[in-house]
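Last residue of the sequence shown: 473 (full-length UniProt numbering), numbering continuous.
Just so you know, these hints were derived from the structure itself, not from any lab.
Please read these numbers as outputs of a predicted model, since none were measured by experiment.
Some hints could be false.
Said to hold, decoys possible - Pairs of lysine-lysine residues, derived as DSSO-like cross-links and limited to a Cα-Cα distance of at most 27 Å, are as follows:
1. Lys-235 - Lys-40
2. Lys-371 - Lys-356
3. Lys-350 - Lys-261
4. Lys-40 - Lys-261
5. Lys-242 - Lys-374
6. Lys-374 - Lys-183
7. Lys-90 - Lys-156
8. Lys-186 - Lys-142
9. Lys-188 - Lys-178
10. Lys-142 - Lys-90
11. Lys-374 - Lys-178
12. Lys-350 - Lys-421
13. Lys-156 - Lys-188
14. Lys-421 - Lys-406
15. Lys-327 - Lys-460
16. Lys-350 - Lys-183
17. Lys-53 - Lys-142
18. Lys-188 - Lys-235
Claimed, not checked - Simulated restraints on C-beta separations:
19. Arg-206 - Pro-175: 56 to 64 Å
20. Gln-107 - Glu-133: 30 to 38 Å
21. Arg-46 - Leu-189: 31 to 39 Å
22. Arg-212 - Asp-120: 42 to 50 Å
23. Arg-206 - Lys-459: 51 to 59 Å
24. Pro-11 - Asp-120: 39 to 47 Å
25. Glu-60 - Lys-90: 32 to 40 Å
26. Arg-274 - Arg-173: 50 to 58 Å
Just so it is clear, CB atoms sit at the ideal spot from N, CA and C, and this is done for glycine as well.
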Amino acid sequence: MKLPPYIQRSPKTGALSFRLSVPPDCRGAYGPREIRKSLKTKDSKRAAILAVKLCEEAQERFAAIRAGKPVGQQEPTDLEAYHQAISWLKKMGLSTNPLPHPESSPQALQEWNIRDVMADEILDKYRDHSDPEEETFPNISKLESYKVAALQGSLKRPHPRISDALTLYLAERNPQGKRTPEKAHKFKLEAERNIAHLISAIDDKRLTDINRVDARVYRDHLLDIPTLSPTSVNKALEVVRKVINHSIVENDLNIQNPFRKLAVEEEVAGRDKRLPFTVEQFKAYLSAMREHSNADAYGVSVLMAYYGCRTEEVTGIELADIDLTGKTPFFHIRGNSTRPSLKTNTSQRKLPLLGKALEVVRESYKAAQDKGSKTLFPRYSEGKGATTVSAVQCKVVRRYVSQDKKLVPYSARHLMMDALKNSGANETIRNEILGHSSGKVSEVYGAGYALEKLSEALKKVNATLDHDQQEDM
1 MKLPPYIQRS PKTGALSFRL SVPPDCRGAY GPREIRKSLK TKDSKRAAIL
51 AVKLCEEAQE RFAAIRAGKP VGQQEPTDLE AYHQAISWLK KMGLSTNPLP
101 HPESSPQALQ EWNIRDVMAD EILDKYRDHS DPEEETFPNI SKLESYKVAA
151 LQGSLKRPHP RISDALTLYL AERNPQGKRT PEKAHKFKLE AERNIAHLIS
201 AIDDKRLTDI NRVDARVYRD HLLDIPTLSP TSVNKALEVV RKVINHSIVE
251 NDLNIQNPFR KLAVEEEVAG RDKRLPFTVE QFKAYLSAMR EHSNADAYGV
301 SVLMAYYGCR TEEVTGIELA DIDLTGKTPF FHIRGNSTRP SLKTNTSQRK
351 LPLLGKALEV VRESYKAAQD KGSKTLFPRY SEGKGATTVS AVQCKVVRRY
401 VSQDKKLVPY SARHLMMDAL KNSGANETIR NEILGHSSGK VSEVYGAGYA
451 LEKLSEALKK VNATLDHDQQ EDM
């Protein structure tokens, strides 16, 4: 049987899925550029029947968008309708507590009468009068039916669905002010994108109904997307795991997270891993950044390369985070007014400045002061600065270092990991420099001694990285 263009078979599993491009005039309101949904079958005839219904639903949504009805104006989930009904009840001045029996007191009877009148007013708008023997309300909305149940004292709290878990996660894990606007927007889009894939694969199920089979269906759904690498699939699984786990905890659900310990096999993901620079490539990279980019981009690259820092850890450094006056000059990676938060709480750390990094920071510090800037690298400290400097670095790597796509600016970070290990630095020191630890090296070596120990470890690494570096300058 020849399959229609909106049904595709996975070359890996043979499973069939529905795929339909969103029309260009609907993408702004709809979101994803393509609708993807697992049909959960390998049978062509069954897939065709299921796909026709999905295609009709999609066309209805496109028609609604074209008619000026935003996709966001959809019926609320059960849990959303429940909360909206409870809020409405409070606004009406009625109690949300369990109702007493109407004959228990005159006040109780009066409240029951008021509630009955209000419920009838709602139901009268939807009552079907064609059948006098049976009361039906065919067009009543979910919210209105929940209001009636609340008035009658029969409203029960429903179990949260996947979409409810996303709403809760974004509200509590991405509050206003925790991240810069750009980071907050990126965080929101990433969570929404991955949950959209999940709902596409297994529907908007109640969390209590999701099982391990559903989780594997989602994983396979991601693997069937050509643009997603195994590493990207693992990242998506991690996002979904966090969203679901947060809702399980906050809603006191007595269930296991079905996405726990679910990942693409390491040998598969390993083919996609970034490679570390060789020392020669490391030198070529920094030399090219110095010659073919600007001073701020070069400065950012030096700190990233010599300390294994993440891009935003460096672009967000403020002058107040730098101490050039003490016995051991250092810079402090921490949340500040430019970069309210770090990738993880354990990323906060103080790192000693020495060698080439100290030279670059001194020059950049003076240049920033002359410009009246509060940040060390003002060209990349605001907005999408980290993304912009990453693009500059990537172009330099491709043009002057290597065409191998597994070599990227972060390859310097991976080289730093290897260099620290090969220099004999213990795990605590390595983690502190790279921002993987709890930031408590002082617990091992004593307060005030950590910077000196870090400096000793970095000097050994720099001796390797800077060997014959002067010949390249």
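Quick rundown of the hints versus the structure:
1. Lys-235 - Lys-40: holds (24 Å)
2. Lys-371 - Lys-356: holds (23 Å)
3. Lys-350 - Lys-261: violated (33 Å)
4. Lys-40 - Lys-261: Status holds; Cα separation ~23 Å.
5. Lys-242 - Lys-374: violated (35 Å)
6. Lys-374 - Lys-183: Roughly 20 Å between the alpha carbons, so the hint for Lys-374 and Lys-183 holds.
7. Lys-90 - Lys-156: Distance of about 16 Å is within 27 Å: holds.
8. Lys-186 - Lys-142: Given pair Lys-186, Lys-142 is violated - Cα atoms ~32 Å apart, limit 27 Å.
9. Lys-188 - Lys-178: holds (13 Å)
10. Lys-142 - Lys-90: holds (18 Å)
11. Lys-374 - Lys-178: holds (20 Å)
12. Lys-350 - Lys-421: Holds: Lys-350 and Lys-421 sit about 20 Å apart, inside 27 Å.
13. Lys-156 - Lys-188: violated (30 Å)
14. Lys-421 - Lys-406: holds (21 Å)
15. Lys-327 - Lys-460: The hint holds at about 19 Å.
16. Lys-350 - Lys-183: The hint holds at about 23 Å.
17. Lys-53 - Lys-142: Status holds; Cα separation ~22 Å.
18. Lys-188 - Lys-235: holds (15 Å)
19. Arg-206 - Pro-175: 56 to 64 Å: This hint is violated: roughly 26 Å between Cβ atoms.
20. Gln-107 - Glu-133: 30 to 38 Å: holds (36 Å)
21. Arg-46 - Leu-189: 31 to 39 Å: holds (34 Å)
22. Arg-212 - Asp-120: 42 to 50 Å: Roughly 47 Å apart at Cβ, these two residues keep to the hinted range, so it holds.
23. Arg-206 - Lys-459: 51 to 59 Å: At 57 Å between Cβs, range holds.
24. Pro-11 - Asp-120: 39 to 47 Å: violated (59 Å)
25. Glu-60 - Lys-90: 32 to 40 Å: holds (35 Å)
26. Arg-274 - Arg-173: 50 to 58 Å: Given range 50 to 58 Å: violated, Cβ gap about 27 Å.
Hints 3, 5, 8, 13, 19, 24, 26, counting from the list given before, are not met by this structure.
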